[in-house]
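Following the hints, complete the assembly by docking chain B onto the known chain A.
The primary structure of each chain is shown beneath.
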Amino acid sequence: MSSRPTLPAGLRLDARKTRPLQQPLHAAPAPQVAVLALDQGSGESAEPTVAVGARVGIGTRVARAVGAAATDLHSPVAGVVVEIAARPTVTGAGRCISIENDATDMRDPALLPVDWRSLDASSLLDRLRGAGIAGLGGAAFPAANKLALARASAAAHLVLNGAECEPWICCDDALMRERAADVVLGSQVMLAACGATHCTIALEDDKPEAAAAIAAAIAAARDDRVELIELPAIYPLGAERQLVEAVTGREVPHDELPPAVGVVCQNVGTAAAVARFVGTGEPVVSRIVTVTGSGVTRAGNVEVRIGTPITDLIAACGGYQGDPARLIVGGAMTGRSLSSDIVPTTKAVNCVVVATPADLTIRGLEMPCIRCGDCATACPARLLPQQLHRAAQAEDRNALAQLGLADCIECGCCDYVCPSQIPLTARFHAARLQLQLHEADRQRAAAARERFERRERRLAEQAEAERLAFEAARRRARGAGPT
Amino acid sequence: MQFRTAAPPHVIAGFTVPHVMFQVLLALAPLAAVHAWLFGAALLLQLGVAAVTALGCEALALRLRGRPLPQFLRDGSVLVTAALLALSVPPLLPWWLMAFGTAVAVLLGKHAYGGLGQNPFNPAMVGYAVLLVSFPVEMTRWPVPGPEWDAVTGATALDALRTGLRQSYTMQEIAAGPAFGRLGDTGGEWLNLAALLGGIYLLLRRVIRWQIPLAMLAGLAVPAMVMHGIDPGAHAGAAFHMASGATMLGAFFIATDPVSAATSDRGRLCFGAGIGVLTWVIRSWGGYPDGVAFAVLLMNLTVPLLDRYTVPRIHGHPRR
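So the protein lines, in turn, are chains A and B.
One rule links them: number in the numbering used here = place in the first sequence (from 1) + 16.
One rule links them: number in the numbering used here = place in the second sequence (from 1) + 572.
Okay, chain A solo, but in the shape it has when bound (with noise of 0.2 angstroms):
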C-alpha cells in the first residue's frame, strides 16, 4: 500500500444521515405489481424474453440484455406477467414489465448455488452476468462487463467503493454493518473473475461502525487479499475517478477508463449482491434503499425489491408527513428530482428523499459573478467553473471545450459554494446538452453534403457517360456517312 496520496478538492458536507440508521435494516413487503423498466438506469434497454401471460417464479429470468451497458432482468415477484408498455419511470418514461403479485413469494426452482471456485474466470464472468448484476452505486452498468474489461487490461487493483459521500444517501453504511462478510466474500469472487490480485474496500471516516464490521469480516476471512481503507469524509470522494486517485494516487486519464491506470471500481452494495448469487443463486431481484428526508413517517433502509414503485416504498415506511415539498431519487448534491411518487424503483434507486422545505435550501435571487474562485477551489476535476459559465453565457463553444466542459462531473460543489447562488451545474448540463444537440446537428449537415455531393458526382458522371455515348455515335455516324 502505497502512501496516501493527495486528496481532489472537494467539500465537508452536513452528511444527514443520522435518522435512517437508527433504524436496523429492514424489508419493505413486496409490491402488488412489479413495474420492471427494461432500462433500469444505465440508458441501455434489455429484451424482454417473457410475453403477457406468462408465469414467473421469484428469480425467473424475464428480459435479457443485448447492449454492453444493459442488464438481465429476473422477476422479483412470482404471478403472472400482465403488461409490457411504455410507463412513466426514474429517468422519464421508459418500456416496462408488470409482474401481477399471487403472493405465494415462490422461487424459481432452478436457482441453485454457484460453486464460484471451481468455475474458471469467463464462466463466471457469464454466470454474473446471467444473474443482472449491475453496478448498485447508481450508474447501474453491468458489473460482470466491467470486470472483463479490468480482466483484458490486466487491472490488478480492485477497489469496492463504500465511501457514499453524498448526504441523506446511507443504504452502503447500513449494508456493510449488517453484512460485511457478504462484502468480503464478493470482493472475493470478483477478484477471481477480473483477475486482480488484490481488493481495497474503501470507507469514509464518518462510518466507523461499517469500518469495525468490514475489518471483523476481513480478519474472519483470512484473505491478505483485501484490506480495509478509511478516507476523509470529503464530498465527492465517492466519484469513480476521484476514489480512484484518493486510493491510488493516479489519476485516470480522462479519455480512458480506470483500468487504464490497473484499477477496477465497484460498489459494495454490488460485491454484496455477488456473494447473495454465489451462495443462493438468487440474481439481483432486491436491493437496499435509503429513505429519508423530513416528509416522511419511519427514515431508514430497506430491503426493497426492484420494480416496487415509490408510492408503495413510502407507504411501507409510514407514508408521508409534514410538508413534503420535493420527492428526490438520489442524494442531496445530485439527486434527481421526480414530478410524481408512481414511478417503479430500480437496481440503480439507492436512495428515496422526501424532502420538506426545511430540508432544502431555497435559493435566493440570482446575482452576477463575481469572480470570487470559491467554485474553483472546490471543484474536484480542476476546472473553473466561473470561466465555464462565462463561456456558456456566451454559447462559446470552444471556450467550454477548452475549459473543459467534458470533464465536469456534475457533482454540484460548485453550485453549493457559489455567494452570487448561480445554478452552475445545471447550467453546465445544459450547455452540454447544447453541445450534443450541436454535434448532431453537425454530423447531419455533413452527412446531408455529402449525400448531394455524391449525388452532384453521379448526376455529373451520368451526364458525362451521355456525352461520350453521344460523341461516340456521331463518330460511327460520321464514319459511316460519305467522306
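Among the hints, a few may not be true.
[Claimed, not checked] Partner residues are not named here, just some residues of chain B that face chain A (Cβ under 8 angstroms, in silico):
no.: 1; residue: Gln574
no.: 2; residue: Arg576
no.: 3; residue: Pro581
no.: 4; residue: Gln690
no.: 5; residue: Val831
no.: 6; residue: Pro884
no.: 7; residue: His887
Calculated directly from the structure, the hints in this document are not laboratory data.
Just so it is clear, CB atoms sit at the ideal spot from N, CA and C, and this is done for glycine as well.
Chain B alone, transformed into the frame defined by chain A:
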C-alpha cells in the same frame, strides 16, 4: 402524489454576495477606528458622504440600465467601494471632492462596464486615481496625527522620504523627521496594523484567500530588502514599506477585490506579486508618494492575460 421538480444540488451553503460584502465592511472596522483615533471624526463625515453618493449613483445607474433596484442596492458592494475610497483619501479632503471621487468610482469604474462583476478595474482605485491626478494638492495634504489634529497638515513619511532623497539627505536623516514612527509613518504604522488585523479576519472567514495578499507583500518586501541591503542610505527597508502608506489596506482589501483580480491560484500569485513590485517601483522612482492605487490599476490590465495563461491542469489531462 405530485411534486414540483428542481435541478440538483438540492442543498447549497447559502452564502450570498451581501454576506461577503458585509464581512469586508466588518473587517474594515478596526482600520476605521484607528483612523478616527488618529485623525479625528472627519472620517465619519467622509464615510457618510461617500456612502450616500455611492448609493445614489448606484441607484441612478441601475435605473438607467433597467436593473432591479432592491436586489442590487442591497448587495453591499457599492458600500465597500465607498468605504475603501473614504479610507484612502486624506481625512480633511473637501466633501465635494469625496462625492466627486465616489461618483467617478461607481459610475465610470463600475457601471460603465456593466455593473457588479463586470468591471475590469477596481472601482475605488479608479476614483482614487482620478482624484489624485486632478487634485494633487488636496489629495496629498494629510493632517499630522495626534490630539491637535485641527488644521495642522504635514508630509507623510512616504512624502518626506521622496523629497528628502531628492534633496540628497540620507535615509537616516530623513527617518529622524517628525513623520516617522517606529517602523514607518507615525500614524501609518497603526493604520497598517489595523488593516492587517482586518485582513487576517477575512482570511480566517475565508472571504479572501492568501495568494494575493501574501504575494503582494512579498513583491513589495523582497525588492525593498534587496535594495536596502545594497544601499541603505538611498532605500527604505522592507519593514518601512510594510508599515507605511496603504500597504496593508492594499494587500488585504484592494488587491483582493475578486472581480478585478486574476481568478486562478497561480494567476493570483502573479497578480499580487505584480502589485507589490509595482508599488515598490512607484514609491522608489515614480512621481507619486504611494503607488498602491496605480499598481492595482496596472495589474488589473493584465488580468485577462493572467487568466488565460494560468488555467490549472484539469483532472486526468496531461500538463499543457
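Holds or violated: the hint that B:Pro884 contacts chain A, with Cβ atoms closer than 8 angstroms.
Constraint on B:Pro884 satisfied, holds at 5 angstroms.
Does B:Val831 pass the interface check with chain A, least Cβ-Cβ distance below 8 angstroms?
B:Val831 check passes; min Cβ-Cβ to chain A is 5 angstroms, inside 8 angstroms.
Does B:Gln690 meet its interface restraint, that is, does its C-beta lie within less than 8 angstroms of any C-beta in chain A?
holds (7 angstroms)
Satisfaction of the B:Pro581 interface hint, Cβ to chain A closer than 8 angstroms
Where the cut-off is 8 angstroms and the nearest Cβ of chain A is about 3 angstroms from B:Pro581, the hint holds.
Using the nearest Cβ pair, does B:Gln574 come within less than 8 angstroms of chain A?
Interface hint status for B:Gln574: holds (6 angstroms vs cutoff 8 angstroms).
Hey, does the B:His887 contact hint survive, CB to chain A under 8 angstroms?
holds (4 angstroms)
Next item in the hint list is B:Arg576. Is there a CB on chain A closer than 8 angstroms to its CB?
holds (7 angstroms)
Consistency with the previously given hints is maintained throughout, with no hint failing.
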